[in-house]
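Listed in order, the protein sequences are those of chains W and C. Under our numbering, the first residue of the first sequence carries the number 69, and numbering increases by one thereafter. Under our numbering, the first residue of the second sequence carries the number 69, and numbering increases by one thereafter.
Do not rely on the hints blindly, as some may be mistaken.
Each pair may be met inside one copy or between any two copies, as identical chains are not told apart.
[Claimed, not checked] Below, in silico cross-link-like pairs of lysine-lysine (DSSO-like), each with a Cα-Cα straight-line distance of 30 Å or less:
| no. | residue 1 | residue 2 |
| --- | --- | --- |
| 1 | 605 | 639 |
| 2 | 604 | 639 |
| 3 | 265 | 605 |
| 4 | 530 | 605 |
| 5 | 71 | 265 |
| 6 | 530 | 117 |
I should point out that these hints are in silico values taken from the structure, not numbers from a laboratory.
The primary structure of each chain is shown beneath.
2 protein chains.
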Amino acid sequence: MGKLLRINTKEKTFTFEETPDTYAGLGGRALTSKMILDEVPATCHPLGKNNKLIFAPGVLSGSPAADSGRLSAGAKSPLTGGIKESNAGGLVSQKLAKLGITALVLEDKPEGNDYSLIKIDKDGVSIESADDLVKKGNYAVMETLWNKYGKNVGVLSIGQAGEQCLKGASINQADMNGRPGRAHGRGGLGAVMGSKKIKAIVVDDSGAPRVEIKDPDAFKAANKRWVEMLRNHPVTGEGLPALGTAVLVNVINEAGTLPTKNFRSGRFDHAQAISGETMAETIEKRNGITTEACHPGCVIKCSNVYHGKDGNFLTCGFEYETIWAFGAHTTIQDMDQIATLDKMCDDFGLDTIETGVTIGIAMEGGMIAWGDGQAAIDLLSKVGEYAPEGKIIGNGALFTGDALGVDRVPVVKKQALPAYDPRTCKGVGVTYATTPMGADHTAGYGVTANILSVGGTIDPHKNEGNIELSQGLQIATAAVDAAGLCLFVAFAVLDNEDGLPTIAQMLNARYGLNLTPDDILELGKSILRNEKEFNKKAGFTEIDDQLPEMFNEPVPPHNVPWDFTIEDLQKTLNF
Amino acid sequence: MGKLLRINTKEKTFTFEETPDTYAGLGGRALTSKMILDEVPATCHPLGKNNKLIFAPGVLSGSPAADSGRLSAGAKSPLTGGIKESNAGGLVSQKLAKLGITALVLEDKPEGNDYSLIKIDKDGVSIESADDLVKKGNYAVMETLWNKYGKNVGVLSIGQAGEQCLKGASINQADMNGRPGRAHGRGGLGAVMGSKKIKAIVVDDSGAPRVEIKDPDAFKAANKRWVEMLRNHPVTGEGLPALGTAVLVNVINEAGTLPTKNFRSGRFDHAQAISGETMAETIEKRNGITTEACHPGCVIKCSNVYHGKDGNFLTCGFEYETIWAFGAHTTIQDMDQIATLDKMCDDFGLDTIETGVTIGIAMEGGMIAWGDGQAAIDLLSKVGEYAPEGKIIGNGALFTGDALGVDRVPVVKKQALPAYDPRTCKGVGVTYATTPMGADHTAGYGVTANILSVGGTIDPHKNEGNIELSQGLQIATAAVDAAGLCLFVAFAVLDNEDGLPTIAQMLNARYGLNLTPDDILELGKSILRNEKEFNKKAGFTEIDDQLPEMFNEPVPPHNVPWDFTIEDLQKTLNF
Numbered sequence: 069m070g071k072l073l074r075i076n077t078k079e080k081t082f083t084f085e086e087t088p089d090t091y092a093g094l095g096g097r098a099l100t101s102k103m104i105l106d107e108v109p110a111t112c113h114p115l116g117k118n119n120k121l122i123f124a125p126g127v128l129s130g131s132p133a134a135d136s137g138r139l140s141a142g143a144k145s146p147l148t149g150g151i152k153e154s155n156a157g158g159l160v161s162q163k164l165a166k167l168g169i170t171a172l173v174l175e176d177k178p179e180g181n182d183y184s185l186i187k188i189d190k191d192g193v194s195i196e197s198a199d200d201l202v203k204k205g206n207y208a209v210m211e212t213l214w215n216k217y218g219k220n221v222g223v224l225s226i227g228q229a230g231e232q233c234l235k236g237a238s239i240n241q242a243d244m245n246g247r248p249g250r251a252h253g254r255g256g257l258g259a260v261m262g263s264k265k266i267k268a269i270v271v272d273d274s275g276a277p278r279v280e281i282k283d284p285d286a287f288k289a290a291n292k293r294w295v296e297m298l299r300n301h302p303v304t305g306e307g308l309p310a311l312g313t314a315v316l317v318n319v320i321n322e323a324g325t326l327p328t329k330n331f332r333s334g335r336f337d338h339a340q341a342i343s344g345e346t347m348a349e350t351i352e353k354r355n356g357i358t359t360e361a362c363h364p365g366c367v368i369k370c371s372n373v374y375h376g377k378d379g380n381f382l383t384c385g386f387e388y389e390t391i392w393a394f395g396a397h398t399t400i401q402d403m404d405q406i407a408t409l410d411k412m413c414d415d416f417g418l419d420t421i422e423t424g425v426t427i428g429i430a431m432e433g434g435m436i437a438w439g440d441g442q443a444a445i446d447l448l449s450k451v452g453e454y455a456p457e458g459k460i461i462g463n464g465a466l467f468t469g470d471a472l473g474v475d476r477v478p479v480v481k482k483q484a485l486p487a488y489d490p491r492t493c494k495g496v497g498v499t500y501a502t503t504p505m506g507a508d509h510t511a512g513y514g515v516t517a518n519i520l521s522v523g524g525t526i527d528p529h530k531n532e533g534n535i536e537l538s539q540g541l542q543i544a545t546a547a548v549d550a551a552g553l554c555l556f557v558a559f560a561v562l563d564n565e566d567g568l569p570t571i572a573q574m575l576n577a578r579y580g581l582n583l584t585p586d587d588i589l590e591l592g593k594s595i596l597r598n599e600k601e602f603n604k605k606a607g608f609t610e611i612d613d614q615l616p617e618m619f620n621e622p623v624p625p626h627n628v629p630w631d632f633t634i635e636d637l638q639k640t641l642n643f
Numbered sequence: 069m070g071k072l073l074r075i076n077t078k079e080k081t082f083t084f085e086e087t088p089d090t091y092a093g094l095g096g097r098a099l100t101s102k103m104i105l106d107e108v109p110a111t112c113h114p115l116g117k118n119n120k121l122i123f124a125p126g127v128l129s130g131s132p133a134a135d136s137g138r139l140s141a142g143a144k145s146p147l148t149g150g151i152k153e154s155n156a157g158g159l160v161s162q163k164l165a166k167l168g169i170t171a172l173v174l175e176d177k178p179e180g181n182d183y184s185l186i187k188i189d190k191d192g193v194s195i196e197s198a199d200d201l202v203k204k205g206n207y208a209v210m211e212t213l214w215n216k217y218g219k220n221v222g223v224l225s226i227g228q229a230g231e232q233c234l235k236g237a238s239i240n241q242a243d244m245n246g247r248p249g250r251a252h253g254r255g256g257l258g259a260v261m262g263s264k265k266i267k268a269i270v271v272d273d274s275g276a277p278r279v280e281i282k283d284p285d286a287f288k289a290a291n292k293r294w295v296e297m298l299r300n301h302p303v304t305g306e307g308l309p310a311l312g313t314a315v316l317v318n319v320i321n322e323a324g325t326l327p328t329k330n331f332r333s334g335r336f337d338h339a340q341a342i343s344g345e346t347m348a349e350t351i352e353k354r355n356g357i358t359t360e361a362c363h364p365g366c367v368i369k370c371s372n373v374y375h376g377k378d379g380n381f382l383t384c385g386f387e388y389e390t391i392w393a394f395g396a397h398t399t400i401q402d403m404d405q406i407a408t409l410d411k412m413c414d415d416f417g418l419d420t421i422e423t424g425v426t427i428g429i430a431m432e433g434g435m436i437a438w439g440d441g442q443a444a445i446d447l448l449s450k451v452g453e454y455a456p457e458g459k460i461i462g463n464g465a466l467f468t469g470d471a472l473g474v475d476r477v478p479v480v481k482k483q484a485l486p487a488y489d490p491r492t493c494k495g496v497g498v499t500y501a502t503t504p505m506g507a508d509h510t511a512g513y514g515v516t517a518n519i520l521s522v523g524g525t526i527d528p529h530k531n532e533g534n535i536e537l538s539q540g541l542q543i544a545t546a547a548v549d550a551a552g553l554c555l556f557v558a559f560a561v562l563d564n565e566d567g568l569p570t571i572a573q574m575l576n577a578r579y580g581l582n583l584t585p586d587d588i589l590e591l592g593k594s595i596l597r598n599e600k601e602f603n604k605k606a607g608f609t610e611i612d613d614q615l616p617e618m619f620n621e622p623v624p625p626h627n628v629p630w631d632f633t634i635e636d637l638q639k640t641l642n643f
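Just chain W, same shape as in the assembly (with noise of 0.2 Å):
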């Protein structure tokens, strides 16, 4: 096993650590959940310095196992008070596992206004001043660390929403392009690093050895058909490539499930306008490009880089979400502005899900305009300019509705909803409701079956099987989040019956072990009984796993409501 690397942030110390047996064999969000509920006080204020912000790569990142380069951050989350686990794509996840570093542990809290950088290498970690990047934005900061310490060392870092400790704050990563379009958004994990006055973590593996894989040729061959098998999916291999997440638009709104104007219909009059397909069609115009892999090794290749009507770079990594939040949320129209906020929430190191509903709010209450694009777009720049209003926007969408008296707030554990109507989308909406991590699609997409006939086929306007599609969901995401591997490697392995074997066998080969695919499943049940377990010492019960009284309301078109109890909801996650 490699070492557990802990930073304290007051004294500016590290020291490696034998990763200890309890937490052997654990890696992402395995890791993460199990270390917080170990060693962090489930009632401390998240941004005291006994919360701890980790950052874990998963057991198969640093392998040439295809699309397995995800870092798993974890932390008490300043947004929900409970437990978090923010998962994103970049450089630092293979890094870390190349120099052998199973976790990257942030501790306690300096008292001044110093911030610090980390660097990390082969040769150990050095702790340095960070005062020259202070109040600059992710862009900056990440441009001249490249330039300073090479191009493709691993960059996390946080813009002014987390020096603010902000509950909307991000914490970004490098892409391949050394520019933060990568995020671990969700949460305010970006508030917990400011609050330990952590400005950047550079990561640079150069010279470390390739991780050692205990029998090659069985490694080789599985990780052969695990290729294969995303290839030959039509949403790996075809939809995602061609137009990135934002494919879902389209048919996201046809299903009627894309929430507008604050979750008061399921169909945008102008989705097309913002759909994938306008999209690329603006993206090779403006010779962006349209399919990137946000880490090495990646063959699904779903991100972008998105040029304004100048012809030059106005963002990349520009997700469905994000435009559906900006989009159809807000009721804005225009692409160019919807990708001006998404550079905006990057830069700043915001999560554009959480900003973009937070936008709709500031609408709903009366703040701007519903659909004014400039407006929104002059209210985001209060983050970045420190102001009041910045300090509101920037805590994200129940802190903003509750700063202007808005009772309409989509939020569970405190979270904002994303981009999928929960009453005529169940299975994602169960997964809102229930998941320890606040309203998540990620973290039990149901989406599959419900509207994409992806493993299997479940009405999406009945309760009936729902439950059951988001239990499997989710104890299937968590060992996916374990594993570092991307989430959208689930559609394949959800069509394949070979999917979830081919995992085993890879860790098998990787690590020389025996683990079936039950074990994998036992995996995520562990990893979710985890985190029910901190959030139950953090003050947690069965009424925050439900939807905001707003969803009683039915949603047209097809005017379905939100109807499941208390006790059914329960037996989501009751393992």
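Following the hints, complete the assembly by docking chain C onto the known chain W.
Frame of chain W, contents of chain C only:
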């Protein structure tokens, strides 16, 4: 029994309803808490149509019983998310009782932005436009209404804070001079009134009969003993009349439990400058009033009128907790600046405790400098300007701490701690932690036996005996709140064996009952059980019955930490 007056704020209709059996015999807090438990869905949004705002006179209100003119206001709290009863003097309680109204219940909420005024008199109810009062502070509103409806009508109104639905918003009552010096301060009930677009309620009991007394002679005899008891106790007969509640500044500072600079010390070097003695001297020098009642029939008269340097009116109802919150807590030393902040809170309709603690948090977060009174005044003025800073500050201490990334915020159940350090006044600390109201000294005033040697003596620094102290006081207080009696009668009741029997005799004579003191205490218990049940249904657990981790640090000068276990604290209301 009297009638329930229900007002539908959306339809602008009202109904008088016979008080149903389930609410029979209940008044004040007993009635508001029972109605909220029975009629308000515990998980509803506090600003939504499903919350109800309920005003109930105590069961002795309207009678000649001394100090029985307190009104209970109840709702699901926008600040705590739990049940709330907030209690104030003024003219409304006695007038509602004389009009035969057991409770006034505001239901539903309108959709537009038009405000209404509710006028209640012996002929019925009218619901009128209040558009001429919008954006006006409570001083102007009350002056307008007394001019329009006659002096001595009872008035409940909200200022700019309530209109903005801020969590720190109070509902103010006209005092005997028609000024908003009395407030249902805690828990943000002004925001509930604002969400229902009710700007003011005018209660005129002209022409109403006296309340019926079943046994006038017995009542007269009991009330005579009651008045003697209040007049003969050193606190209610001497300390409070002479110096008001500010008599406590020097006492509490001397005891080392006056929270200073956001609870960093229990002693304030400049306590003398903000003491009751200094205040009384200043009031006399400037021809103010040191001794005034908040409602007719009060014999304690702890209120006052404070003039500015120019000899003109500056503020009224200037209380110990207010002086502490804006004074020792923020380290502001200038009594006139503190009086100005008090006046602004009364005018905007803000809880002075929540707001004073919030100003300290703004200092903690670097928004303004410690001890800078003028900066505090400038910042608070933003609430009246509907500015973004005001939407932060007006939402209270936790909200402001979250806006500024402050991890040292003294709240329980999201409500700011009042003016006694829980570490060195553990009897009140147990109350802060365990009362269903959120941190509230008035829910079980352990200062009595901890510091004042009233009702016995219990070491304020040791855990022993303080659970039991808080338990007894919480039960008795709930009953006192149900009777409509001022909390301060407790001083006399605790030191007189004849206290509780005398209250029972007044109730029996008023209603023709045979209550014993035990019945009264059983009522207190049932109130607390109802409140705990509501909170449980709203998602509260024993985790919410704790102080935040900042209180684990010992506080000078006595260097005592807070170290009750969750299990011990749960014994407090375990009946």
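Hints, verified against the model:
1. 605 x 639: both (20 Å within a copy, 19 Å between copies)
2. 604 x 639: Close inside one copy (16 Å) and across copies (20 Å); limit 30 Å.
3. 265 x 605: Answer is within; shortest intra-copy Cα gap is 27 Å, inter-copy 39 Å.
4. 530 x 605: Answer is between: at 27 Å across copies they meet the 30 Å cutoff, but 33 Å inside does not.
5. 71 x 265: For residue 71 and residue 265, the Cα distance is within 30 Å only inside one copy (24 Å; across copies 60 Å).
6. 530 x 117: between (46 Å within a copy, 27 Å between copies)
Checked against the numbered hints listed earlier, the structure breaks none of them; every hint is satisfied.
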